[in-house]
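**Q** Given the structure of chain A, go ahead and fit chain B onto it with the hints provided.
Number of protein chains: 2
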Amino acid sequence: MAKYKAPLRDMQFVLNEVFEADKLWASMEATQEVTPDLAEAILEEGAKLTEHELFPLNLSGDAEGCRFEKGQVFTPKGFKEAYQALSEGGWMGLGGNPEYGGQGMPKMLTVLFEEMLYASNAAFTLYPALNNGATLLLDSHASDEIKEKYLPPMYEGRWIGTMCLTEPHSGTDLGLIRTKAEPKGDGTYTISGNKIWITGGEHDLAENIIHLVLAKLPDAPPGTKGISLFLVPKLKINEDNSPGEANQVNCGAIEHKMGIKGSATCVINFDGAEGIMIGEPHRGLAAMFTMMNYERLSIGIQGLGLGEVAYQSAMDFAKERLQSRAPTGPKNPEKPADPILVHPDVRRMALNVRAFNEGSRAFASYVGMQLDISKYHEDDTTRKHAADLVALLTPVAKAFITDRGFDATVEAQQIYGGSGYCTEWGAEQYVRDARIAQIYEGTNGIQAMDLMGRKVFANKGEFLNIFTKDVREFLAECTSANMAPWAETLEAELKRLENVTEAVIKAGSENPEEIGAAAVDYLNLFGLVAYAYMWARMVKLAQEKADADSSGFYAAKIQVGNHYLKRILPRTLALEQQILAGSEVLMTLEEEAFYVE
Amino acid sequence: MAKYKAPLRDMQFVLNEVFEADKLWASMEATQEVTPDLAEAILEEGAKLTEHELFPLNLSGDAEGCRFEKGQVFTPKGFKEAYQALSEGGWMGLGGNPEYGGQGMPKMLTVLFEEMLYASNAAFTLYPALNNGATLLLDSHASDEIKEKYLPPMYEGRWIGTMCLTEPHSGTDLGLIRTKAEPKGDGTYTISGNKIWITGGEHDLAENIIHLVLAKLPDAPPGTKGISLFLVPKLKINEDNSPGEANQVNCGAIEHKMGIKGSATCVINFDGAEGIMIGEPHRGLAAMFTMMNYERLSIGIQGLGLGEVAYQSAMDFAKERLQSRAPTGPKNPEKPADPILVHPDVRRMALNVRAFNEGSRAFASYVGMQLDISKYHEDDTTRKHAADLVALLTPVAKAFITDRGFDATVEAQQIYGGSGYCTEWGAEQYVRDARIAQIYEGTNGIQAMDLMGRKVFANKGEFLNIFTKDVREFLAECTSANMAPWAETLEAELKRLENVTEAVIKAGSENPEEIGAAAVDYLNLFGLVAYAYMWARMVKLAQEKADADSSGFYAAKIQVGNHYLKRILPRTLALEQQILAGSEVLMTLEEEAFYVE
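Taken in order, these protein sequences are the chains called A and B.
For the first sequence, the UniProt record's numbering assigns the number 1 to the initial residue and increments by one for each residue that follows.
For the second sequence, the UniProt record's numbering assigns the number 1 to the initial residue and increments by one for each residue that follows.
Next up, chain A with everything else stripped away, as it sits in the complex (with noise of 0.2 Å):
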């Protein structure tokens, strides 16, 4: 059946032996406090929390989902308890800042806990996820007098925060918003509007829930220039900070979707609520990035513990069926077939999946990694580089992750034949989770255009050279003979992302349809040798350590890593090819020749 087990032992090999985070952590003040055995200990008691209080209530979560009754919301049974122990153990606040209540961990660690958050449960997980977001959106926006007011409340879980921006005319394009924000004259201001597909925008969970809100003030300036952020609680706040009387926020319905069923994705109406102001007037959508950013590489991760999650229980399906003979004669010839796992093709798809499980954590901690130095570190050039790469793996890390992640879900529930269908295996049920990740904060399409143009096009490819700069730095390391196929490989593909690069940003300057025809290939190529670049620091390290290792878990990571090498990376064959093909392909076609009459 359904088995999570969250993956300590290869956890540790990223944070500690990829990429060494004692040393980062010891060399920044912000993070000092943070020892390799806290980290650990932080780990096993996300491992037993995700494990045990949240994987239990998921396929049950998927079969209920949420009610909607009269204005409210009611979440799945057992959602309300498994908060209050999120909340009570201090997660809730896990990577939030100190000052105001927070316990200060690192993202790089973070990440880690929020993998086994979403796979032990997806749906569960979009509620903590987006305070998390939120909050970090107040630390990072918000008056010191907001911030001592909500975040304290929100770090513990009795208050939670949402992120308020579509509207049914309005997705992609927010410039379209139409929800507009009054001042009242005394500071506060009358928002007024129609909010859909907010996720968490109404439950039970909490004792209060905190709506930030995109509205235009009345002498906004049209497009996205003209957005501006409120804060809107469900119930007003009293004067010693305690959830008073209703305000004008309304749930008109939660949607019927695909999966994620235990989060409910709301209809919320603002019928002139009352809210503040956070930042600055129109400057709204700029701060609202800071909330979208961090979602984006967590919902990145929501792909990659689905995926881990997946393989997982399609190995324990795997482990118990016998079905046919191995090609080579039987490995099992007292019982009457063989597990399904001596067929190559069988394998073929275990390695997939787990090539990119195990290639999606390293790349998710190394942007994490990118985050924390951009955030703590004292050096400014330092800070700077680090942010440079965040801005450029941010999309990548959304949509490559999730693409992948959904891949995984599905290969995994190939591997069932039949059973996988059956929604007593769960294994439909990741797969229908994994869908909306590729899906919402931004498609992978509106990703790969904020990579592709915003990221390389709009500063000819700057931050992509500090990216293969490390790559190349990490490459002349490789001198041992058994990285030699990892090094040659790995530059060749560094030399076709360069080229292919180049070929864009020349034909994008004189056709800008030329960027939005490249952008998703381009992001997959770009993917996959980010991947290959994670996957021949690991490889090295299980090199190098392998001999004297009797657990098998290094010479299994060189293993999965040749497949990757081998099995994998030539996918960016055709996505090179398909990128220089160009967009004329692509707009030739009349736009009415399209439609079905």
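Since the hints were made in silico from the structure, they are not lab data.
The reader is advised that the hints may include incorrect statements.
Same chains, same label: a pair holds when it works inside one copy or across any pair of copies.
[Unchecked claim] Derived pair list, reagent style DSS-like, types lysine-lysine, alpha-carbon separation capped at 30 Å:
| hint | residue 1 | residue 2 |
| --- | --- | --- |
| 1 | LYS180 | LYS70 |
| 2 | LYS225 | LYS335 |
| 3 | LYS147 | LYS384 |
| 4 | LYS319 | LYS180 |
| 5 | LYS335 | LYS384 |
| 6 | LYS5 | LYS48 |
| 7 | LYS566 | LYS495 |
| 8 | LYS319 | LYS3 |
| 9 | LYS319 | LYS225 |
| 10 | LYS460 | LYS331 |
**A** Same frame as chain A, but now just chain B:
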């Protein structure tokens, strides 16, 4: 919202222009009465039926699902009336043997009607699709007496067939089945055993259900050579051929599934039921393959149908959805934003879907044509040639069409953004309904093993050579300058396919694991090349006719073909490398290292 209109123009193009069905039909006695007018009238009536009777029940059938109560299964509201309409219109026997009341229409025509069925309502269509396979099996393997008794009511839809293979411990590996058949001495048998995943095993649509059941006789040799085939009716048949008392056939449960929720997937218990043998003792699996091969092409068409309705629905959405501006400036300046098809990446997705749908339609028709030739042609060599092609292409038709059909539903869903994840739009149902087609009727991994092992390796590429010879005969006709890119690329792709084939045959002779290691990538490579052949044939015709055509049909065909050539076909580059990576990469990791403890 969801939209479906049978693509009659494209169907006519494939049937009459690309494959010149009229000439073929006129040349064979069994199909001489099928004129182009008759074919057109059938497709037009089929379009009306599927668009107006079946499609409106698609979303509601998914929401309601089948209901199981005390051994009875109730299909969703409206299914019974729709089934009545299908039966009364003579559609249940459309491809059936005229000697027993069938309509005798060629496969090349019925595949197009099947596409309409699956597109309009995949869950519903499984009931008639199974009946088609069951009647084909009986027509091919049963005695005249049995045919006279069973075929007419089955062609009328009064009785409906099923296919009972799988048992809880025995899916892919049918040699493991335990269902027993004891001879009663009067020529009938007592059938005892438990079958699972029986599509339409029990329901309220027809007055009787005719189960075709694999079981073992008491003296059966072990494995697949000891399997016999039995016909077991739900209600015993009276002397006057009316359904009589209940047989010992009981439905124990229905499955809760990811999709095709209107199709009842049943646990069927044969508790000493009365049955008759079809064909020879211990030769049941061979007979069942007549049905399975039929169903494999049919399930391929499920992928196509869902890809088509997903495309149409997504384009209906795209037409209305305004978000952002075209990269080259507003196309729709009087509105607040442009329709999303101005964005190159949205077009990329739409063209991917469409290029595969149109390729699949041509390919399914091509296989249908070979089936007709193999059955009806008077010349032995021509029949043999076609039968070999059918053997080669059937696993490709099943697996490649359903894999690309699933991709199509996912990519179409992506075009919607968040709406694609919400149930009301229908897009997410297409994904769920398409997913099963990659799993049942032999998983796509099993199809790939059939292609690579039995259809290519076992005969050292003999069937493949028939195919490549046909393609090269066509290429010899591509003498016009504007076909040069097609002719060159296709010849290069044929060579790539031949080289890879040779390499796998060589490697597989030394190590049987090489066959399974190559299988899925090989099937995908084969499929891409086969579709390139289909596209080349379509584009050649379109180029010849485009100038004289004001409808834009041929111009669009050339453009979509160009997208296939430039932005899809390069995937062969990656597949080639993945195949040549061989089996060692997959087989080295210890089996235990896959499992998570």
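**Q** Each of the hints needs a verdict: does it hold here or not?
**A** Results for each hint:
In this assembly of identical chains, LYS180 and LYS70 lie within 30 Å of each other by CA distance solely inside one copy; the values are 26 Å within and 56 Å between copies. Proximity of LYS225 to LYS335 under the C-alpha cut-off of 30 Å is restricted to the inter-copy arrangement: shortest distance 19 Å between copies versus 69 Å within a copy. For the homomeric pair LYS147 and LYS384, the shortest alpha-carbon distance inside one copy (26 Å) is at most 30 Å, but the shortest distance between copies (80 Å) is not. In this assembly of identical chains, LYS319 and LYS180 lie within 30 Å of each other by CA distance solely across copies; the values are 28 Å between and 57 Å within a copy.
Proximity of LYS335 to LYS384 under the C-alpha cut-off of 30 Å is found in neither arrangement, the shortest distances being 61 Å within a copy and 41 Å between copies. For a Cα distance limit of 30 Å, the shortest separation of LYS5 from LYS48 inside one copy, 9 Å, qualifies, whereas the shortest one across copies, 53 Å, does not. Proximity of LYS566 and LYS495 under a CA criterion of 30 Å is satisfied in both settings, with 18 Å inside one chain copy and 22 Å between copies. For a Cα distance limit of 30 Å, the shortest separation of LYS319 from LYS3 inside one copy, 12 Å, qualifies, whereas the shortest one across copies, 43 Å, does not.
Taking identical chains as interchangeable, the C-alpha atoms of LYS319 and LYS225 lie at most 30 Å apart only when they sit on different chains, with a minimum of 27 Å there against 56 Å within one chain. Proximity of LYS460 to LYS331 under the C-alpha cut-off of 30 Å is restricted to the inter-copy arrangement: shortest distance 28 Å between copies versus 56 Å within a copy.
When the structure is compared with the earlier hints, a violation turns up for hint 5 alone.
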